[in-house]
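Undergrad: Sequence:
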Amino acid sequence: MTQNLERYHRQMLLPGIGEEGQKKLLASKVLVLGCGALGTVIANMLARAGVGHLVIVDRDFIEITNLQRQVLFDESDVENAIPKAEAAKMKIAKINSQVAVDAIVDDVNHTNIEQLAQGCDVIVDGVDNFETRFVANDAAVKLGIPYIYGGAVGTVGMTYAILPHTPNGDSPWEQAGVATPCLRCIFEQAPPPGMNPTCDTAGVLGPAVSIISNFQVTETIKVLTGNFAAVRDKLLSIDIWENDVRQLKVARAYDVGECECCKKRNFEFIDGKFASSTTTLCGRNAVQMTQKLSDGEKLNFDAIAKRLESHGKVKANKFMLQAHITDNGDAYELTLFTDGRAIVKGTKQPTVAKSIYAKYVGA
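Residue numbers (this note's numbering): 1 to 363.
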């Protein structure tokens, strides 16, 4: 046993992994979308398992309310206002120095998903909205990459492993006879606003998140080690509070349906048909706005900070600027990122967020 495999000894004792499987893990590249409650557990466990290259993408920074369930972060990260992806990279470097981590502080959307996914062996879902999930699902089907869906709110979580059908049917999972329906075969459209509970209305229990994300990690390891027959072919739903576990049979959804994505190969979400320039953030009472900048252009934080100092406390580093603003008696927290994104905390209304941005930053 070589020295670099010694730390994985207990994992290699498993018959489904062994030394060959461990070497496959070390040679693998995984895209982790989101580095919040789900994503921190996913990134942590994949790094400890020895997945050789992680690409972690998250648009947000760390707040005190994250620490209840986001396992890679601590109070110093909150104090220093570190972006989640960067903080995760620093923590993983201390956990397993054999793992390469690309930390990308950005929004995941139809304009960048294909570039992010290129060269990756699996896409793992750690996001909190269906628009981004459908974008990821489009990319998974278009590029022929397995996609591990997961979500949790309140005490309930769901997860499902997608092994997409490919045009030529020559993927290793298709050769093993275990291709699955895609996410849009099961959820044709995103739930209407207000129909589903969110972090705002239902809260979230940390153990529920951990259970779902560890199921996601396990399915990812199965895929990366070539154990396709062991991948669960059912949609798993767990209510940890009510001790309710259900596995929903969804395998026939591909055969009986006419899915726009994996049957017709019409990638509406990647094409931007349903793209939004504003997103209400789960559990944050905040709105994110995406401002398009010219190639190579970045926001000048020094100049903006000087303009905002008279309106309240301003803090800036090389990643972001954060300003506390009172407007017409209402308090807002404005966070700007170098790529032009902005998060306005203190409202769920995109029109209000756009107004605050225009007033204090400029159109």
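Quick caveat, the hints were computed from the structure, so don't treat them as lab data.
Just so you know, not all the hints are guaranteed correct.
Stated by the list, open to error - SDA-like cross-link-like pairs, simulated, lysine to any residue; straight-line CA separation at most 25 Å:
hint, residue 1, residue 2
1, 354, 330
2, 264, 170
3, 313, 255
4, 249, 211
5, 249, 186
6, 249, 306
7, 24, 214
8, 249, 331
9, 249, 301
10, 29, 107
11, 313, 274
12, 91, 6
13, 23, 306
14, 359, 338
15, 354, 331
16, 142, 6
17, 306, 328
18, 354, 300
19, 23, 249
No experiment lies behind these values; they were computed from the predicted model shown.
Undergrad: Each hint: holds or not?
TA: A quick look at each hint next to the structure:
no. : hint        : in the structure
1   : 354 <-> 330 : holds (15 Å)
2   : 264 <-> 170 : holds (18 Å)
3   : 313 <-> 255 : violated (57 Å)
4   : 249 <-> 211 : holds (20 Å)
5   : 249 <-> 186 : holds (10 Å)
6   : 249 <-> 306 : violated (58 Å)
7   : 24 <-> 214  : holds (20 Å)
8   : 249 <-> 331 : violated (48 Å)
9   : 249 <-> 301 : violated (51 Å)
10  : 29 <-> 107  : holds (20 Å)
11  : 313 <-> 274 : violated (37 Å)
12  : 91 <-> 6    : holds (21 Å)
13  : 23 <-> 306  : violated (52 Å)
14  : 359 <-> 338 : holds (19 Å)
15  : 354 <-> 331 : holds (15 Å)
16  : 142 <-> 6   : violated (38 Å)
17  : 306 <-> 328 : holds (21 Å)
18  : 354 <-> 300 : holds (19 Å)
19  : 23 <-> 249  : violated (33 Å)
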